[in-house]
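Protein chains: 2
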Amino acid sequence: MSKRIYLNAFDMNCVGHQSPGLWSHPEDQSERYNDLGYWVELAKLLEKGKFDGLFLADVLGVYDVYNGSRDSAVEQAVQVPANDPLLLVSAMAHATKHLGFGITYSLTYEQPYMLARRFSTLDHLTDGRVAWNIVSSYLDSAAKNLGLKQQIEHDDRYEIAEEFLDVCYKLWEESWEDDAVLRDKEKKVFANPKKVHDINHKGKYFEVPGAHLCEPSPQRTPVLYQAGASSRGRAFAAKHAECVFTAGPTAEIVKKGVKDLREKAKEQGRSPEDLLVFTVFTPIVGRTEEEAYQKYETLKSYISYDGALSLLSGWTGIDFSQYEPDQTLEYIESNAIQSAVEVFTKADPNKKWTIRELATFVGIGGRGPVIVGSAEQIADEIEYWVNEADVDGFNIAYTLAPGSFEDFVELVVPILQDRGLVQKEYQEGTYREKLFGSGKNRLTNGQVGLTVQG
Amino acid sequence: MSKRIYLNAFDMNCVGHQSPGLWSHPEDQSERYNDLGYWVELAKLLEKGKFDGLFLADVLGVYDVYNGSRDSAVEQAVQVPANDPLLLVSAMAHATKHLGFGITYSLTYEQPYMLARRFSTLDHLTDGRVAWNIVSSYLDSAAKNLGLKQQIEHDDRYEIAEEFLDVCYKLWEESWEDDAVLRDKEKKVFANPKKVHDINHKGKYFEVPGAHLCEPSPQRTPVLYQAGASSRGRAFAAKHAECVFTAGPTAEIVKKGVKDLREKAKEQGRSPEDLLVFTVFTPIVGRTEEEAYQKYETLKSYISYDGALSLLSGWTGIDFSQYEPDQTLEYIESNAIQSAVEVFTKADPNKKWTIRELATFVGIGGRGPVIVGSAEQIADEIEYWVNEADVDGFNIAYTLAPGSFEDFVELVVPILQDRGLVQKEYQEGTYREKLFGSGKNRLTNGQVGLTVQG
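One line per chain: the protein sequences are A and B, in this order.
Per this note's numbering, the first sequence starts with residue 106, numbered consecutively.
Per this note's numbering, the second sequence starts with residue 106, numbered consecutively.
Extracted from the complex, chain A is given alone in its bound form (with noise of 0.2 Å):
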């Protein structure tokens, strides 16, 4: 194997995810959201291709830019209902043994003292296959449910989530030794009381005086992802996060990002080889290149243009209601709008977009990349992904749940795995071990006994 690849699933506990519209295809099951038995079986297939994990996204707010309303969000199910992620996870973990969870969870609206707790329970639950995608919220409407007048500033958040963290980290790795627990039926002890330990935290923002409520769950912090894209957020990953949530419409402009966040990692003091990054890729598999690209026009024939440009607005801040479908971006005298589509627009900078050319782009596969093509050209382009752009990993997003997973699975799984490039057997141990390599089963970020002093 030359550079193993990383593989999650991409998903969220709502009605097609990134895919405005493509919910009301005859083939797609994700308004089976509500439905256990639709996400046991997701976590079997997904098991059954050797995926690493499912990655889990969430929203606490509603797509309410465009137009001035949420009623394109609500009428295209973009992003909403938007179900609570960590409740699924049980049921999951109970189908499965390998497969990693990795869930999407904003620290803006929660104690960290509840928080952690949350997260060493279902770390104790899957047996340690938990990740947490550490997210401070970005959407007003969002904030102005909880309490918040509007969101907070942006970089008061980092600071607000780094001592966050840090009290989690108190908790997870300091409040309990790891003999404290002894479960000795014999001498009537069940842990060593002076083992357990308080955690004294009084910081600006939080005061966590006390232990832990759970005791060591098998990795004791959660692997961290995180997803920052700002200069602010990609510092914080570089000091935290032991993945990292990546996406760009091409390998050229994500490279850029992973170099400077793999600097920024080594500033820190940090091994190249403790930082994963992976990358959102969205495949359109056909038998042949033919099928793909039939499949292709069909799936886009399915987009909800109001649906993918609520997302889009949402994302940008800016109401694209205001434009005409067929107006070129050019046109459009507004730096802060070519600004803002900058992201999706130079994976064809010579292209002169529309607004209905935008929508659809964002409409399938959001912001990153939609690939084309037979399974073998799937196969290349990840190949290529890697080498280019330097990630170690993607998330799959689907245009149809659970169809592309399944097809992903079927035809292109194989393949990875004939060119060595993605397991064949997973690994035993926690979802760090199977990351990071057996033994590996401690924090990876260096933060381990920086937390508790003296």
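Just so you know, the hints here were simulated from the structure itself, not pulled from any lab data.
Any given hint could be a false lead.
To be verified - Distance condition first, Cα-Cα at most 16 Å in a straight line; then the derived EDC-like pairs of lysine to aspartate or glutamate:
1. B/Lys299 with A/Asp176
2. A/Lys300 with A/Asp289
3. A/Lys299 with B/Asp176
4. A/Lys293 with B/Glu132
What the hints assert, rightly or not - Per label pair, the in silico range of CB-to-CB distance:
5. B/Arg547 with A/Asn440: 47 to 57 Å
6. B/Asp284 with A/Gly422: 29 to 39 Å
7. B/Gln532 with A/Thr465: 44 to 54 Å
8. A/Arg109 with B/Asp261: 49 to 59 Å
9. B/Lys451 with A/Lys153: 52 to 62 Å
10. B/Glu372 with A/Asp260: 47 to 57 Å
11. B/Gln532 with A/Lys108: 50 to 60 Å
Bear in mind the structure is a predicted one, so any value in this text is a computation, not a measurement.
Glycine residues also receive a C-beta, built at the ideal position from the N, C-alpha and C atoms.
Following the hints, put chain B in place on chain A, whose structure we already have.
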């Protein structure tokens, strides 16, 4: 069937829930609480025994009054470690079809917008089998770790709880109309945005302008449990709860509380049959009476004196470490103590209770009665309690898990079924319909339609 009796198993995501020390008994498996298989097996067992529900308690702090420290609680695993109960549900729900899940969840440290989403998610995933046991937290040790200097005053807690529930009702019952979600693939309309409403809540404690993040779940509002024992708590329960969980050592004592509760509910204009009262009950069953008493003697030998007093001190706020084990209560000149433990000593008012006897009483079954006998005798006692105390059901506590539940399912349930007192088959429908009758799927406490004005 004369009066149908409802059965819950009473448990918590921890070791040795209500019986400090008994975790060390060779047959007890409650230390497997981190193992999903343990919970899935339990859920299947309860469904086999046609239990109505599994009721999960929770605490967010540790018992640290005894000896002014948490050491005894940690050593004897007295409800610490304590993992999150919500995260157990989906695995158990996927392995069962009818069992209800009553989950204790404190509103003190959570925003209603988030909590409403968690319960809607679970109500979807369980096909309408979830109940919320509404708790406002009471332990200082929890408050301190969650950003509060100390507990909020008792009556303020209920005022906050009132408004919290008001917000939840609006989100659950009024935000999405019944026919808002169409899932119409032909017309490409997932939901009709005109039928999704902002709740515009602006109160003393919460501001929640927006709409609920989740589409209507099978029950919308989960079945509401409450367990308030104070006068204010009972008033709250009489207004909001559909099921009330009470506890007391004798049927005569429980009777008074039930009577008061039913009167208060009537004052609120509620029908008596819309409120089910459960009481805690710890059976120790043998194939003969003699075998049961032998079992009881053995179990008593596993009680942890320090563990039991740790629990009792936490509950009463009185540090019982200052007394000698053989000191009798009548020689302790403190009215505070006499009245704090009255609820226990009333079980046998003529006895000269020592501290050790009090510990033994608490050490098996907590506040409730421990009933020792053959299966017939247990069934007789259950009938007696229903008739004497006017309760509708029982939270059956274990001494050994899952052994106590195995005994109960194998030996007691068939007798209760033969007598026509408990169900032989589950009724179809949601948890609320199973409890209150077919077609009674909406909130029975009269709060629907009161919440959003105009």
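* Asked: Can you give the numbers of the hints that this structure goes against, from lowest to highest?
  -> Hints that this structure does not satisfy do not exist here, as all of them hold.
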